[in-house]
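Asker: If you want the building blocks of each chain, they are given just below.
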Amino acid sequence: MRQKFHIDFIKNSKIYFGISLGIMLVCLILNIFVIPTRVDIQFTGGTIVKYSYSGDLKEKEITEVAQKATKDTISFTFAENLASSDSNSHMVSLEFTNAKAITVDEQDEVTKAFTDAFPDNNFKVEESSSVDASKGANFFFKCIAAVILAAVLIIGYVAIRFKKIGGMSAGVMAVVALVHDLIIVYFVFAMFNMALDDNFIAVVLMILGYSVNDTIVIYDRIRENRKKMGPKATTAEVSNASMNQCLTRTICTTITTMAAIGSVLVVSLIYNIDSIISFALPMMVGLISGCYSSICIAVPLWVMWKNNSDKKKLEKEKAKKSAASDAKKTSSKAAASKKADLKKKETKPAKKAENSVKLEKEEKSDDASDKASENNTEE
Amino acid sequence: MKRVGKWVFFVVFILILFFTYTSVFGIYGENGDYSITYIKGIQDIRWGIDIKGGVEAVFAPADGVDATDDQMNAVKSIIDLRLVNQNVTDYELYPDFSNDRITVRFPWKSDEENYDPGEAIKELASTAQMVFRGGSEKDGEELLTGKEVNRAYVSTIETGNGNHSIVVNLEFTDEGKQKFAEATKKYQGQKISIWMDDTCISAPTVNSVITDGKCYIEGGSDKNGGFTAEEATALANKINAGALPFNLKIESYGTISPSLGTYALTAMGIASIAALCFIFIFMVAVYRLPGFVAFIALLGQLSVSIMAVSGYFPVFASFTMTIPGIAGMILSIGMGVDANIITAERIKDELWTGKTLDGCIAKGTKSSLSAIIDGNITIIIVAIILILVFGPANIFSSLFGVSTTGLIYAFGYTLLVGVIANFIMGVAASRLMLRSVSGLKFLRNRRLYGGKKKS
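If you're matching them up, the sequences are chains H and L in order.
This note's numbering applies: residue 1 is where the first sequence begins, and numbers increase by one.
This note's numbering applies: residue 1001 is where the second sequence begins, and numbers increase by one.
Among these hints, one or two may not hold up.
Calculated from the model, a selection of chain L residues having no Cβ within reach of chain H, i.e. all distances over 12 Å [said to hold, decoys possible]: (1) Val1011; (2) Arg1151; (3) Glu1175; (4) Thr1211; (5) Ile1377; (6) Val1389.
Below, simulated DSBU-like cross-link-like pairs (lysine-lysine); rule was C-alpha separation at most 30 Å, straight line [claimed, not checked]: (7) L:Lys1366 <-> H:Lys163; (8) H:Lys4 <-> H:Lys227; (9) L:Lys1122 <-> H:Lys124; (10) H:Lys228 <-> H:Lys312.
Calculated directly from the structure, the hints in this document are not laboratory data.
For glycine and all other residues, C-beta sits at the position ideal for the given N, C-alpha and C.
Given these sequences and hints, build the entire structure.
Answerer: Set out below in structure tokens:
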């Protein structure tokens, strides 16, 4: 089989685990102590009104005028208004922080206060959104239910699919990688101080669907190569070969997907459109993470698990055998298992031989069906 | 392998170009001063409020009143009526009966400079003012108000000769009963009109004095001069709206100005062109001939996606497109190439084993199918869930209530359409093209497929 890359993913796996855990740890600490998570008013309830105005005004003046017009406490965010052809146009965003929907009348009062105080500055409502707290909570539960439903369906699919390719253990590792990606997506929102909103739910759902794809493709290759490479190849060797063979595809697909979502991100950064940035940026990071985690997390973890369980199986068998043959001696189990450890290397080939018989059988039946379908296409 | 005719490639190629062109630009004709739309293009897409600017609001009965389905229908019809009165025709209205919510979305009116969306929302939620007046004029004597109406409902009556006609029944409260008896006495043989916020919704003639507080209204546009079922229901709903025992409250609302939206649309347009250009260069550079074929298929996929939102085929209703929807379309282009990449990689692999070109293409396309299906199934699951969460009334929203925002709905939709289009174009059409094109002599060089020169 043609293979462009020769990277030992399994050997380096500890580095990858370290990188992932390190990033998560740093983000977690920052998240707790420096940048707290913000939740959008879509979930908490509350009101945000964005005004555009022209000309130079002191921020303090604006905050004072607005604060006088309402009893609620307001937090302000100022920005340039890039959407306007007027180069001296600005935006101010008012968030009414008491988590309740203000009425249209209350909002009108603030607007009126602005136009009265600054009649020459063209104060205009560009965007407003107001959500009742109870409705926000309902929407939040709806989103959570959707994410859970999606997770259940995806895990169900993984379970069915992995029965064929790597067994339960591989499925579990695929889910671990998935959780890894979701955590990364969450931290993108937290670190860039983007409020958790409908975009967050959309990205989480999307990553739920996307992340297991790469993993499934690689496990499919592993199953195929297991047959081709024969019983002598270790799990690590087969996995490495499979990942390297898939690497071109993984890289190319990631590049085209990145090109698509990346151009959305770049353009929205240039045009400064917040609602798209908070969609495209986490999506992009999530997609990269999805691809990284299948190669650097899911498969190496599975190989570790597999080696470990193989070892345990051998120990058990050995322990049984020695217990049976040395029935008279009342030697402790610890001694037996020590022996097993010592003899592990010798017994490995024997174990592998057993496996190979099974594999050959599988291969034969698979080959037969392959031939049958080939005949069909050649007709 | 069964050979595919050489002409197939050109047929598919030209068809895709045709679909791409028409789905983007549409086909329009002129008939004198009128322009006729034969096929809808991008300019006919119904843009969501985040692009056109507009208003989104959710109304609910105030004070936690548990409204009946009939009452919710009444609420819907009054909002309908008011929107039409405000000259808003391009609106979306989603009642949610299980949670007693009603969601309204409508775009900014393009002709009005100083449109006040806040005012519009307030007007929609204001208490319906229903008045019965003597005569058919607006300044006629005020006889009864909506408070004195118990309910209105539709039924059929026999009109003799075995004919039936549909009528709208009215039931008054005890107070209304008396007032109505007096009114019918006074206006017997004349008209009594029913007014809803300054709009006359019905003006029946009084045939007799009615003292039991029950009457029915006949007439309408049916061929026998009676109501059609729809007309009758609409009228009954409107009357019920005037008699609603509760006020509406604005539970959440949002407004977006049009300047912000058009700006975002330009940005997304640039993004999609940039993405397409990059993918074209990348695919041709890396995969050569299969890469070129993949790009043509991609254009086809894009045109199918556009068709699904623009109403290209009149059978499929047009869809309200939002910015996340466009993002979904662009994303599905990027992911759609995956099918072609997997296939092209497999063909490359096969070529290195030294088989014949046809054999390699056959084997490569066959062995890649399961991976392609794998990749798409999970996306389909997710897309459907996105549609359920953010979409208007469906099973999911009857459990959890309507969403505070519906912009992501289009993302789920374009994602789902993208996957389906990908199977049609990226898988089926591109395979057909590849097999066909590999029959052309000058394109049989193995290097064009990523293989070695000649084994």
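Asker: Next step is simple, just say for each hint if it's right about the structure.
Answerer: Hint check:
With a cut of 12 Å on Cβ distances, L:Val1011 stays outside the contact zone with chain H, its closest approach being about 22 Å. Look at L:Arg1151: its CB is around 29 Å from the nearest CB on chain H, clear of 12 Å, so calling it non-interface holds up. Interface exclusion of L:Glu1175 from chain H stands, the closest Cβ pair being 33 Å apart, more than 12 Å. In this structure L:Thr1211 is separated from chain H by more than 12 Å, as the shortest Cβ-Cβ distance comes to about 44 Å.
The Cβ of L:Ile1377 sits about 7 Å from the closest Cβ of chain H, inside the 12 Å cut-off, so the non-interface label is violated. Remark: the non-interface label on L:Val1389 conflicts with the geometry, its nearest Cβ contact in chain H lying 4 Å away (cut-off 12 Å). Only pairs whose Cα atoms come within 30 Å are accepted, and L:Lys1366 paired with H:Lys163 is accepted, the gap being roughly 22 Å. For the hint linking H:Lys4 to H:Lys227, the alpha-carbon distance of about 21 Å falls within 30 Å, and the restraint holds.
At most 30 Å may separate the alpha-carbon atoms for a hinted pair to count; L:Lys1122 and H:Lys124 meet this at roughly 18 Å. For the proposed pair H:Lys228 and H:Lys312, the alpha carbon gap of about 26 Å is at most 30 Å, so the pair holds.
In the structure shown, a violation is registered for the earlier hints numbered 5, 6, in ascending order.
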